[in-house]
Amino acid sequence: MYVITFANPKGGSGKTTSAMLLAEQIALSGGRVAILDLDPNANILGWARGREEAGRSLPFSVHARPQIEDTVGLIDEMAAQADYLIIDLEGSKDQIVTFALSRTDLCIIPMDGSPMEARQAAQAVRLVETTSRMIRSPIAYTLLFARTNAAFLTTDERDVRQEMESNNINTLPVRIARRAPYTRIFRDSVLLAELPDLVAEEMKGKTASVTDKAQKQVASAIENARDYAQAVIDTLMKARAA
Amino acid sequence: MSGKYGFGGGIELPKMDTLKPRLALDQGALKDAVEAGTTLGFVSREPTTAKRKPGPKRTEAQDKVSIPGPKRVIDQFRAFCTEQNVTLWEGLDLLLQGRAR
Chain A
1 MYVITFANPK GGSGKTTSAM LLAEQIALSG GRVAILDLDP NANILGWARG
51 REEAGRSLPF SVHARPQIED TVGLIDEMAA QADYLIIDLE GSKDQIVTFA
101 LSRTDLCIIP MDGSPMEARQ AAQAVRLVET TSRMIRSPIA YTLLFARTNA
151 AFLTTDERDV RQEMESNNIN TLPVRIARRA PYTRIFRDSV LLAELPDLVA
201 EEMKGKTASV TDKAQKQVAS AIENARDYAQ AVIDTLMKAR AA
Chain B
1 MSGKYGFGGG IELPKMDTLK PRLALDQGAL KDAVEAGTTL GFVSREPTTA
51 KRKPGPKRTE AQDKVSIPGP KRVIDQFRAF CTEQNVTLWE GLDLLLQGRA
101 R
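Just so you know, the sequences run in chain order A and B. According to this note's numbering, the residues represented by the first sequence are 1 to 242, in order. According to this note's numbering, the residues represented by the second sequence are 1 to 101, in order.
Everything labelled a hint here was simulated from the structure, so no lab data went into it. Possibly wrong hints are sitting among the right ones.
According to the in silico footprint, chain B covers these stretches of chain A (three or more CB under 8 Å from chain B) [what the hints assert, rightly or not]:
no.	segment
1	18–31
2	68–77
3	98–110
4	119–129
5	226–237
On a predicted model such as this, the values are computed, not experimentally measured, just so you know. From the three backbone atoms N, C-alpha and C, an ideal C-beta is built for every residue, glycine too.
Kindly produce the complete structure, drawing on both the sequences and the hints.
If you want it as structure tokens, here you go:
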């Protein structure tokens, strides 16, 4: 089992959305996926509950936060039921982050490219490096620019990228842009792959250009999610081979 | 890819049969990692004490008392209330009832 963890002590950096997009893409591609929702806000658990209430199936299992000292045991137990375990962590400096990192193959640190989030991301990097040293086992990590502007690079993002490049900090080659379909996943407890049909239903009676615009927005979101998920898997494989 | 919009295609996943089983984690090393994490500010945020249950609805006249005293006595009293799973006034009530018997 591969364990992929999303960490950044700053809340609202895109951890939950990035985790969900990755889980869906792997599940749709035939991988057995489980999500461990360690965020006390439990947005992914809420999403799963919403699907169950609406009579929709779950493409992957979602597990709730255990007692802190049971975290490592729970992660190891999941190896029997999943090929990929995706862990969504809380946006705070919680000790449970260290427990989860100790069993992590790849840690993804999402941030929006603002200086504030970059400082918090640097703290996550330090924790990954320290934990790796203490357990005497490598933990790969990469930063992910998430919730960014799809159209252009902000000067903040450019500045943060420059510093990361000069310090040889790995960055995922694909950004996740801020898009309405990504927030809708949580609003309506749906999958990204279900949106084309939903939008087609909603657009009945509207003009072709309006329908086309709405579908293009969904198509771009799906393409972005797929490119991002492939980049994560490629990074994971590169890290395993190293 | 398949489907009207070409959404049928997935991503390329590695074969799982080449994956080595995970090695057990050294508990001593984990403890060191948690301690090192604490120095970086990643501390336990689990609630340290159970929340006392709310008392019954206030159907009788209420009053309050502040009791300064040696810490060991106050700590013992708090520990007693936690052990009995009662609020502070309920703990006092219990002790008074015990004295009456």
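Evaluated hints:
1. 18–31: holds (count 6)
2. 68–77: holds (count 3)
3. 98–110: holds (count 5)
4. 119–129: holds (count 3)
5. 226–237: holds (count 5)
Violated hints for the displayed structure: none, as all numbered hints are satisfied.
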